[in-house]
Each structure stands twice: as C-alpha cells, then as structure tokens.
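Asks: Heads up: the sequence lines are chains G and D, in that order. Straight run, no breaks: the first sequence in my numbering ends on number 227. Straight run, no breaks: the second sequence in my numbering ends on number 227.
Any given hint could be a false lead.
[Said to hold, decoys possible] Calculated pairs, SDA-like style, for lysine to any residue (alpha carbon to alpha carbon, straight line, at most 25 Å): (1) G/K87 - D/Q142; (2) G/K17 - G/E38; (3) D/K72 - G/D50; (4) D/K87 - G/K116; (5) G/K15 - D/L66; (6) G/K67 - D/D155; (7) G/K72 - G/S174; (8) G/K15 - D/F81; (9) D/K145 - D/Q211; (10) D/K116 - G/K87; (11) G/K52 - D/K130; (12) G/K87 - D/K34; (13) D/K67 - G/G161; (14) G/K87 - D/D120; (15) G/K87 - D/S41; (16) D/K67 - D/E10; (17) D/K130 - D/S20; (18) G/K133 - G/K72; (19) D/K87 - G/G161; (20) D/K34 - D/Q104; (21) G/K133 - G/S174; (22) D/K17 - D/P74; (23) D/K87 - G/D143; (24) D/K72 - G/Q73; (25) D/K34 - D/Q211; (26) G/K53 - D/D155; (27) G/K87 - D/F165; (28) G/K15 - D/K53; (29) G/K72 - G/E9; (30) G/K116 - D/F165; (31) D/K145 - D/F165; (32) D/K67 - G/K133; (33) G/K116 - D/L187; (34) D/K67 - G/D8; (35) G/K116 - G/S174; (36) D/K53 - D/Y118.
[What the hints assert, rightly or not] Cβ-Cβ distance ranges computed for the label pairs, FRET-style: (37) D/Q156 - G/Q112: 42 to 52 Å; (38) G/L56 - D/V108: 48 to 58 Å; (39) D/E162 - G/V210: 36 to 46 Å; (40) G/S13 - D/E60: 42 to 52 Å.
Calculated directly from the structure, the hints in this document are not laboratory data. Idealized CB from N, CA, C, for every residue including glycine.
These are the residues of each chain, in order.
There are 2 protein chains.
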Amino acid sequence: MAVHRHFDEELQSLKEKLLSMASLAESMIYKAIKSLIERDSSFIEQVNSDEKKVNLLEIEIDDLCLKLLALKQPMAADLRFITSAMKIDNELERIGDMAVNITQSAAVLIRQPQLKPYIDIPRMADLAQKMVKDSLDSFIRQDVKLARSVLTRDDQIDDLGEQIFRELLTFMISDPSNIPRALQLVLVSRHLERVADHATNIAENVIYLVQGKDIRHHIEESGLAHT
Amino acid sequence: MAVHRHFDEELQSLKEKLLSMASLAESMIYKAIKSLIERDSSFIEQVNSDEKKVNLLEIEIDDLCLKLLALKQPMAADLRFITSAMKIDNELERIGDMAVNITQSAAVLIRQPQLKPYIDIPRMADLAQKMVKDSLDSFIRQDVKLARSVLTRDDQIDDLGEQIFRELLTFMISDPSNIPRALQLVLVSRHLERVADHATNIAENVIYLVQGKDIRHHIEESGLAHT
C-alpha cells in the first residue's frame, strides 16, 4: 500500500512540474512579445534567465520519469503517461527556445524606429499562448475535446502568419529601407507559428495517448499533423 | 535465457529502425535541396511521400519502445537507451518536416527565374545531412567523441546561415523585385539551421546518456545548448 501511494504522489509531482514548466514557457512568449511591443529590453533579460529554468525543468522531469519507470515499472496507462511526459517536456523546452529567438529579433527591432503598429503579431502571440496552456491542460486532464480544439486553432495561426507575411512583403517592396526590420518581423511571426506547432504536437500526443494509435494515423492522413 | 535473447533481438531491431529512419530523414533533405537546385518538382513529390513513411516510423518506434518498457521492464542503461530512442525518433520526424518545408519554398522558387547561383545553401545542406548521420551513429555506437563533433559543427552551420542571410539582404535592398525569391531562400536556410539543431539535440542526448546528467548541465551553462 505504501509503495502505491508513493507512486501516486510522484505522479502528482510530475503533473505539477509539467504545469509549472508550461506556465513558464507561456510567460516567456508573453514577455518576449512584450519586449517587442513596449520596446523594453528588461523583458529580454527575463526571458534569457527563464530559459535556464526551463532547461533545468526538462532535465528534472526526465529524471523523475526515469525514476518512475525504473523503480515502479508501471504498466499500460501510467507507462504511456510517463513516456508522453518525456516527449512533452521537450516540446515545452522548445517553446522556451522560440521565446528566446523572438527576443533576438526584438533586440534588433527596438534599437530602430518602429516600422508599423503591431496588431496581428500580438493577436498571434495571444492565440499561441492559449494553445500552449490548453494543450498542457488537455494532457493533465486527459481531455481529448480540448486537445482537438488546439488542433483546430493551429489553422488560424497559419492564416495569421500568411497574412503577416504578405503585409510585410508589401512593406519591403514599397521601400527597401524597410527590409531589415520587416525581415525580423517575418522571423517573429515564424517563431510564433512554431510555438503553435509545438502546442499542436502536445495535443496530438494527448489524442494518441487517450484513444490509441489509430487516431494518430488518422490525424496524419487527414493532413492535420504539423508539417 | 530465452527471454533475455529476445530482449537483445528487440533492442537490435530498435537500433535498425532508428538507423533507417535517420537515413530516410537525411535523404529527404538531400532530395528537397535537389528539387531546388535542379529545379525538378519530381523530388518534391518524393519528399512528400517519404514524410508519410517517416511519420509511420516514429509511431512504430514508439510502439516498440513502449512494448520493451512494458514487457521487459529494463533497468539502468537499457531504460535510458529506450527512453532516449523515443526522444530521438521525434527529432528525426522533425527533420523530415524541415525537408517538407524546404520543398514548399522550392515549389515557389522553381516556377520563377533563378535569383542567383546556389553555392552556400548546398554546402549548408551537406553539412546538416552529415550532422544527422553522425548524431544517429553516435547514439547507436554510444560514441561521445562523435557526438561532441556534431555540437562543434553546429556553429559552422550558424555562421553559414548568417552569411546567407546577409547576402540575401543585399539582394533584396538592391532590387525590390528580388524580395519574394530572396525571402524564400532565407526560409530554406533557416530550415537547414533547424535540421542542424535537431542533430545537435540528438548529440546532446547521447552525451547525457553516456556521461550522466552533470554533462548536460555543463553543456547548457557553457552555452553549447541549442537556443
């Protein structure tokens, strides 16, 4: 009995660590975009220091998962949950990387006059952050419906990205002096698309975890998988 | 005894599947760049059909790993090897995604006159493919020296990417009609940088696997970790 309770506690601690890793990754995206919009480099420093925390959390979570696999030898559902956690922490770590990449563009952009008012980029960032949060919540609660809603939203992100790309292309063509700044904004929007892709990967994993592999094949065949 | 031999056979089969997944991912990069350079859309179709195979291989490998974890309850070294395999197949699947992304730019580019002779992009692609191959070989052979050489080469890729970026910026500024094509080439080079990042992740995983977690912390502190 004691061993079993201990396992549940460890599993609970795994869930909590994943949730705090997700909320850290989410806040990094928020701060990275804030540094761009408010032209405030103090947020850039915060993101850089958060990245170290996020990297350490990935290692901590992997270690906890290995410990659970080695000592408890869980079967079926718990085994899948733990191995999924080891894939998901990696997605979250990459979301943190994307925030760092965004701050690299922000650092260039805030040293120059602002090219245009930012409207679509903050919208895209809000959507992407919500996708990160919901994908992780869908994992913790094993909520397939929520996971599916994350997949749907990935198309909205791609449409916004396409729109931003075309608008920035127009800026570049109309005045070559806009090019370096517009290019950085293209990169920011691509990084946000990738954040959404990582959230989508997490959501696909949840569907696979809950419903078995036939669904994951189906997702791929229907073209819903990230490319 | 029979059970043990069976486990070794399954482990061998896991290694073979990972090697064929890696060589498929590598060949997808090769074909994607070939479609761009030879302006031949038949390679684009090949990459798209390869992507389905790579996605299925990831699922197959994950299933085999889960089976090994559930039925054999491996300890220590085998446990780490199997959980690493589940992270590495994901990196390989993303390398396949990058090849698909490259063909999307290639499809746009080969419908228009060629902007410039391609010199640095094929070099970058060669380097990135070699990094993929070596990272996987380092995993299979548990060869830390080879894994470290992959990490070193990531800097060369980043330098090449930076050089390509600056050259294309000049093309855009000198003639706005170059912008759409130059932008696609910027994206191709970014995708190749990401291929190298995935190979780097695999190599870091190998070092962590062989030498334990202190090294992985060290990699991060010294700034060698991918960002």
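Asks: All the hints need checking, so say for each whether the structure fits it.
Replies: Each hint, compared with the structure:
1. G/K87 - D/Q142: 21 Å, holds
2. G/K17 - G/E38: Given pair G/K17, G/E38 is violated - Cα atoms ~31 Å apart, limit 25 Å.
3. D/K72 - G/D50: Distance ~38 Å between D/K72 and G/D50 Cα, so the pair is violated.
4. D/K87 - G/K116: Judged against 25 Å, a Cα distance of about 41 Å means the pair is violated.
5. G/K15 - D/L66: Given that 25 Å is the threshold and the Cα spacing comes to 20 Å, the pair holds.
6. G/K67 - D/D155: Distance ~34 Å between G/K67 and D/D155 Cα, so the pair is violated.
7. G/K72 - G/S174: Since the Cα atoms of G/K72 and G/S174 sit roughly 63 Å apart, the hinted pair is violated (cutoff 25 Å).
8. G/K15 - D/F81: 24 Å, holds
9. D/K145 - D/Q211: Holds. D/K145 to D/Q211 sits at ~11 Å (cutoff 25 Å).
10. D/K116 - G/K87: With a Cα-Cα distance of about 41 Å, the restraint between D/K116 and G/K87 is violated, given a limit of 25 Å.
11. G/K52 - D/K130: 29 Å, violated
12. G/K87 - D/K34: 32 Å, violated
13. D/K67 - G/G161: Given that 25 Å is the threshold and the Cα spacing comes to 40 Å, the pair is violated.
14. G/K87 - D/D120: Cα-Cα ~34 Å, so violated.
15. G/K87 - D/S41: 34 Å, violated
16. D/K67 - D/E10: Between D/K67 and D/E10 the Cα gap is close to 10 Å, so the pair holds against 25 Å.
17. D/K130 - D/S20: 15 Å, holds
18. G/K133 - G/K72: Violated, at roughly 29 Å.
19. D/K87 - G/G161: 28 Å, violated
20. D/K34 - D/Q104: 13 Å, holds
21. G/K133 - G/S174: Roughly 39 Å separates the two Cα atoms, so the pair is violated.
22. D/K17 - D/P74: Judged against 25 Å, a Cα distance of about 19 Å means the pair holds.
23. D/K87 - G/D143: 24 Å, holds
24. D/K72 - G/Q73: Distance of about 9 Å is within 25 Å: holds.
25. D/K34 - D/Q211: 38 Å, violated
26. G/K53 - D/D155: 24 Å, holds
27. G/K87 - D/F165: 32 Å, violated
28. G/K15 - D/K53: 33 Å, violated
29. G/K72 - G/E9: 12 Å, holds
30. G/K116 - D/F165: 23 Å, holds
31. D/K145 - D/F165: 31 Å, violated
32. D/K67 - G/K133: 30 Å, violated
33. G/K116 - D/L187: Holds - the C-alpha atoms of D/L187 and G/K116 are around 23 Å apart, at most 25 Å.
34. D/K67 - G/D8: Roughly 23 Å separates the two Cα atoms, so the pair holds.
35. G/K116 - G/S174: 13 Å, holds
36. D/K53 - D/Y118: 29 Å, violated
37. D/Q156 - G/Q112: 42 to 52 Å: 30 Å, violated
38. G/L56 - D/V108: 48 to 58 Å: Given about 41 Å between the Cβ atoms, the range is violated.
39. D/E162 - G/V210: 36 to 46 Å: 44 Å, holds
40. G/S13 - D/E60: 42 to 52 Å: 32 Å, violated
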